[in-house]
Amino acid sequence: NNRFNMGNYFKYHEEAEVYREYLIARQVLLEDTEGWKFTLKEKNYFAKYSVIDNRWHLNGDYHYTPGGIYFKDLESLKKSLKEHEDQWEIVRKYEMREIND
Numbered sequence: 001n002n003r004f005n006m007g008n009y010f011k012y013h014e015e016a017e018v019y020r021e022y023l024i025a026r027q028v029l030l031e032d033t034e035g036w037k038f039t040l041k042e043k044n045y046f047a048k049y050s051v052i053d054n055r056w057h058l059n060g061d062y063h064y065t066p067g068g069i070y071f072k073d074l075e076s077l078k079k080s081l082k083e084h085e086d087q088w089e090i091v092r093k094y095e096m097r098e099i100n101d
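Residues in the sequence shown are numbered from 1 upward in steps of one, following this note's numbering.
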């Protein structure tokens, strides 16, 4: 019960595999930030996915969103979206509950 409550136990093998893929994809994106963390001292760049037009929108501001992946500059963010498109999709789909049900 403790493992299940901590999220380290799954009822089905498939659930564990989906979560594993999500964690790997998210880690790739975090590595793209080159250690950048949210700060109030400078703008933070991040991507938000719009379900209205089904595309990523790039932003730079001082607002924090839980679970957000923040970049030091717009170029780094654009590079990550281009080079790791598959990982962005895995993270988006998992967090939007499109692939973990």
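If you are wondering where the hints come from, they were derived from the structure by calculation, not from laboratory data. Glycine is no exception: its CB is placed at the ideal position from the N, C-alpha and C atoms. There could be a bad hint or two in this list.
List time: in silico DSBU-like cross-link candidates among lysine-lysine, alpha-carbon distance up to 30 angstroms [said to hold, decoys possible]:
| hint | residue 1 | residue 2 |
| --- | --- | --- |
| 1 | K93 | K79 |
| 2 | K43 | K11 |
| 3 | K41 | K82 |
Listed next, with one range per pair, are the computed distances between beta-carbon atoms [said to hold, decoys possible]:
| hint | residue 1 | residue 2 | range |
| --- | --- | --- | --- |
| 4 | N59 | H13 | 35 to 45 angstroms |
| 5 | L30 | M96 | 32 to 42 angstroms |
| 6 | K43 | N1 | 12 to 22 angstroms |
Each hint tested on the structure:
Only pairs whose Cα atoms come within 30 angstroms are accepted, and K93 paired with K79 is accepted, the gap being roughly 20 angstroms. A threshold of 30 angstroms between alpha carbons decides the hint, and for K43 with K11 the separation of about 42 angstroms lies outside it, so the pair is violated. Of the supplied pair hints, the one linking K41 and K82 holds, its CA atoms being roughly 27 angstroms apart against a limit of 30 angstroms. Against the hinted window of 35 to 45 angstroms, the Cβ-Cβ separation of N59 and H13 comes to about 38 angstroms, which satisfies the hint.
Range check, L30 to M96: about 19 angstroms between beta-carbon atoms, so the 32 to 42 angstroms window is missed. Hint check: K43 to N1, Cβ distance near 44 angstroms, so the stated range 12 to 22 angstroms is violated.
Checked against the numbered hints listed earlier, the structure breaks hints 2, 5, 6; every other hint is satisfied.
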